[in-house]
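Participant: So the sequence lines, in the order shown, correspond to chains A and B. So in the UniProt record's numbering, the last one in the first sequence is 471, and the numbering has no gaps at all. So in the UniProt record's numbering, the last one in the second sequence is 247, and the numbering has no gaps at all.
Worth flagging that the hints you see were computed from the coordinates, not collected in a lab. Hints should not be assumed to be uniformly reliable.
Cut-off 30 Å, straight-line C-alpha distance, at most; resulting in silico cross-link-like pairs (DSSO-like, lysine-lysine) [as the list claims (entries may be wrong)]: (1) B:K127 / A:K370; (2) B:K84 / A:K388; (3) B:K84 / A:K37; (4) A:K349 / A:K388; (5) A:K29 / B:K127.
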Amino acid sequence: MGDEKRVDVAAHAAAFLAQDDVHEPMHDKNLWSARMKRDAAARAVPEWETLRQLASQIKEHTLTHLYNYLLEFESNATKRGAKIYWARDAAEHNQHVWDILREKNISSIIKSKSMLQEECGMTAFLENRGITVTESDLGERIQQLDDQPPSHIVMPAIHKTPEDVAQLFARTIGTDPRNTDPHYLTEAMRNDARRRFLEAGAGMTGANFAIAETGSFVVCTNEGNADIGASVPPVHIASIGIEKLLPKVKDLGIFIRLLSRSALGTLATQYTSHFSGPRKGGELHIILTDNGRSKRLGMPDFWTSLKCIRCGACMNTCPVYRRSGGLAYGATYSGPIGIILDPTFDESKYSELPYHSSLCGSCTEVCPVKINISDQIMQWRKVMAAKKHLPVSRRLAFGAAGKIFEHPQLFRSAETMASGAIRFTPDFLLYNRVLNPWGRHRELPHFAGQTFREWYLQYRAKNNEHGEQRP
Amino acid sequence: MRVGLFIPCYIDAIYPEAGIATLELLERFGVEVVYPLNQTCCGQPMANEGDQQHSAAAEQLFVDNFREFDYIVGPAGSCVKHVKLHLDAIPQSPDVLHVRERTYELVEFLHDILKAEAFPWAYFRYKVGLHNSCSSIRGLGIALPSETMGTPFNKTARLLQMVEGLELVPIDRPDECCGFGGTFCVTDEAVSASMGIDKVHDYMRHDAEFVVSPDMSCLMHQQGIARKAGIHLKFLHVAQVLNGGPF
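Chain A extracted, bound-state conformation (with noise of 0.2 Å):
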């Protein structure tokens, strides 16, 4: 999907609705269940709205100032002796690692979740120069083996069942594939995995947060499978995009608060770990990667998506989302966080993701540091419209509407073929045969006899104490 020149996410939702009765109900069920489980542990804390408001003005300072905290950050860790890299994108990114991993003959790693390293396409990069890419978080893990990239921020694998997993596993680590039990296979799987981990020339992580004013940094994780990554091997590569900063220890507390809360509805992950130099006799490197952020912080309309925590709350709630499954999108990010943030990649590719939304602004509502989403997608749409990137029977579609209620004289007689000639499809209202599904799932609706306004200029006639209006 990910290979196409614009991904159509309509038809890969279609096919991920069609492609049984059990996918997509558990999907949908069980990202709901995280949606409840959130707004359960958000009632707890009275003062949720507050702390929203909090992390979204923290974000927004941080984001106006970015350049003053990156120079800050970049001098303390430096001087709590860690070494920091500058990637102005993914290119520079993956230069880096591999750099470093050449110099010190480093031939296996272990990471744990990051986004960022996604987005750059780093494993593919290094496993093409020869190096062993592990993946430490089950989900990531789940994915590795299934050569997918992972389908929701925070649980990778969650358009998968158990028995898909089985399958997998049966395939790739020799487990029962009649066995589904989730704790045979979490089983199987950390015997399998563990002896990476021992093994591993270097760790890699992301990093929730960075602060600015001591020069440390933040994972949080379930597994503590970023932990591992940081203590067994001796080298620690943090991949950390510029818009992770917070200035200050005590914003931290905000933050932490929120993450996992609007995430999976839980108080805290079971590890917030926190990194402050290399550990003693390791090595830790930093790369600060900018990979389009800081044009992204120029865009007036969407430089706040880059507040983004990337708890995946968005996805959770997302009525669209959670019935497409997260590679319909095609892309790094999906659901309602990934249609704004994919087009400040590739424009052209990703320009159909905006439309794969109802515009509930369920997402703008759960955000916890108030990206506007929903407003967002509608604003992409406008930039879609605007640089002629949508389908040409679509564009005409519309064109052929706004004509027609520019006038209002057209438009009557519109409405008159449409009650008349052709009286019970919806073309009326869609003016177009090529956006004609309408029929396929709905019976079309029946138009009236009288429209309204016929029946009005009947009823004034009748009582005329209004006054008269002529047409």
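Please build the complex by placing chain B on the supplied structure of chain A, with the hints as guidance.
Facilitator: For chain B alone, kept in the frame of chain A given last:
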């Protein structure tokens, strides 16, 4: 008080009874109601596609039709949301700003401006599932969105509870989108239909006999889905219930 009645195109052609109920209801409250005859559409279908160029003319016509009124009232949450929040394809003249500020969705207008406290003429002895559309909830704020923490309120439910005999039944996902979404329902037909049938099943699980909404466009989609699936559920605009018809 002179109110310009905004009847969206699909209500005009497909659900005139929702428009009639709106007009009659407003007149019961002593409001002077005028329906400007040259109205067509507020521009939302084009604007939702991102097509500012083609929505501009419809938006200008809308403003020309309605600028003279104290209030503009429309029985359609999503259209009113477009006018209030997104009517920006044309320069923001004082007329445009007046129209945007003074346009109300019917429930809001009854609740906040007319401060309706009773509908003694209405009687509705059925179990009702309420569909407050996404535009009405998250766009116009006629109910506290389920995502937002705070004291719950629901203006539509409050009005409906004043109707004798009417029983509101709770549903599992009260403000989950039904999948209409304007053009979304045809451009993303599979997902839209899946959302629609899930919504319809939610009402059925709770024994609703009628689905009532301030947004007939969502109901047009839900009704089409239900009929196709052979599900006997009835759909009404909130104005028809509050006005006691026409049904």
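Participant: Decide, hint by hint, whether the structure agrees.
Facilitator: Taking the hints in turn, this is what the structure says about them:
About 37 Å separates the Cα atoms of K127 (chain B) and K370 (chain A), which puts this hinted pair outside 30 Å; it is violated. In summary, the hint linking K84 (chain B) to K388 (chain A) is supported, as the alpha carbons are separated by about 27 Å, within the 30 Å threshold. Restraint check: the Cα-Cα separation between K84 (chain B) and K37 (chain A) comes to about 33 Å, which exceeds 30 Å; the hinted pair is violated. Restraint check for K349 (chain A) and K388 (chain A): the C-alpha separation of about 13 Å stays at or below 30 Å, so the hint holds.
The hinted pair formed by K29 (chain A) and K127 (chain B) meets the criterion: a straight-line CA distance of about 27 Å does not exceed 30 Å.
Hint check: violations occur at hints 1, 3; the rest are consistent with the structure.
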